[in-house]
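*Asks:* Starting from the given sequences, assemble the full structure and let the hints guide the process.
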Amino acid sequence: MSRLKAVLYLNQFYAGRGGEDMAHSGLEIDNEAKGPGIGLQGIWKDEMEIVKTISAGDNFINLDDNYELVKDEIVAAVRDAEADVFLAGPAFNAGRYGVACGRVCELIATELDIPVVTSMFPTNPAVEMFLGKVLIAVSTETAGGMRKSLPQFANLALKLAKGEALAPAKVDRYIETGIRINEVDEHSAAYRVVSMLLNKLNDKPYITEVPLRKEKQVAAAPAIQDASKLKFGFVTTGGLVPKGNPDKIKMYAADSYGSYDIDVETFNKKYYESIHGGYDTTAVNEDPQRLVPYTAAKDLEKRGIIGSVAPYFLSTSGIGTNVGMSQQLGSAMAQQFIADGVQAVFLTST
Numbered sequence: 310m311s312r313l314k315a316v317l318y319l320n321q322f323y324a325g326r327g328g329e330d331m332a333h334s335g336l337e338i339d340n341e342a343k344g345p346g347i348g349l350q351g352i353w354k355d356e357m358e359i360v361k362t363i364s365a366g367d368n369f370i371n372l373d374d375n376y377e378l379v380k381d382e383i384v385a386a387v388r389d390a391e392a393d394v395f396l397a398g399p400a401f402n403a404g405r406y407g408v409a410c411g412r413v414c415e416l417i418a419t420e421l422d423i424p425v426v427t428s429m430f431p432t433n434p435a436v437e438m439f440l441g442k443v444l445i446a447v448s449t450e451t452a453g454g455m456r457k458s459l460p461q462f463a464n465l466a467l468k469l470a471k472g473e474a475l476a477p478a479k480v481d482r483y484i485e486t487g488i489r490i491n492e493v494d495e496h497s498a499a500y501r502v503v504s505m506l507l508n509k510l511n512d513k514p515y516i517t518e519v520p521l522r523k524e525k526q527v528a529a530a531p532a533i534q535d536a537s538k539l540k541f542g543f544v545t546t547g548g549l550v551p552k553g554n555p556d557k558i559k560m561y562a563a564d565s566y567g568s569y570d571i572d573v574e575t576f577n578k579k580y581y582e583s584i585h586g587g588y589d590t591t592a593v594n595e596d597p598q599r600l601v602p603y604t605a606a607k608d609l610e611k612r613g614i615i616g617s618v619a620p621y622f623l624s625t626s627g628i629g630t631n632v633g634m635s636q637q638l639g640s641a642m643a644q645q646f647i648a649d650g651v652q653a654v655f656l657t658s659t
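Numbers in the numbering used here are just positions in the sequence shown, counted from 1, shifted up by 309.
Since no wrong hints were added, every one of them can be taken at face value.
No farther apart than 27 Å at their CA atoms in a straight line, the calculated lysine-lysine pairs in the DSSO-like style are these:
#, residue 1, residue 2
1, 442, 457
2, 579, 607
3, 442, 479
4, 607, 538
5, 354, 471
6, 552, 578
7, 343, 468
8, 471, 314
9, 540, 611
10, 557, 578
11, 343, 442
12, 354, 468
13, 607, 552
14, 442, 468
15, 611, 578
16, 380, 314
17, 354, 343
18, 578, 559
19, 538, 611
20, 314, 468
21, 607, 540
22, 314, 442
If you're looking for bench data, these hints aren't it; they were derived computationally from the structure.
*Replies:* Structure representation (structure tokens):
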């Protein structure tokens, strides 16, 4: 019996073409498994093989002009491979990679009559963009969990290739789509709800049929009434640091921030750089004031539009940081500003 065929999309890093320095590299198509694809084939054994690996740099594929240039080539490669399923990733919690995976999967699902699946951490920004359009297997937050992430990714892809029905999200380990499908159950709703209640009261495991979101709402800060009387500070989540990153702030999943004095004479590309791991830092590295526009703020101060501006900025790398750590960092920044008499903040991002 012949093996089923799969085509896999990877970014430049996982295809073995290079790191951030190759994020602008164009489309490549290889007639073999690369990177995570080798692990997927090991799980599938003789049931399915990757016949093509399509790869591109994250910055390249996410530029609309580039995407328009290569999308027909991607579709043609998958069509010519006579693939039974198309996979992309895993993207883990990498935003650019997640968007690329979702975008290419949606393209194949729209243009060709074959199933698609990608794999991401649930808080990847791309999940919200493509949930309901693309099946998304649950991955770990980072590539450190590759071995844990691949089995459920492989299982979903194989089921899709075989045309088998998927089990509920909690069983097959994919991100819930919110789409409800009617199923016949051996027990009535009354029986099921009483069973769940008894399990809950007795501290036994149960799965609710109506899960509720538990996202905490954050109240908006009060509006500024008169900026001319306030002292402003700068915060950036764009990863701007002095050259060499003296505080060793992480480019991903940061757990610290830095406080850096600003000297207009040295606030330039010779002395500053962005270490953020989630966007193209070229423009910021050419001029750090694209991220922290300090001289523009000083001009507002001279014109009396704002009261004053603190001669320093606080910086961290805002990608992959969980909610708890974000709250911790934000609280520490706020305390530093309060101690310095800062009353309002310019918060810049990517």
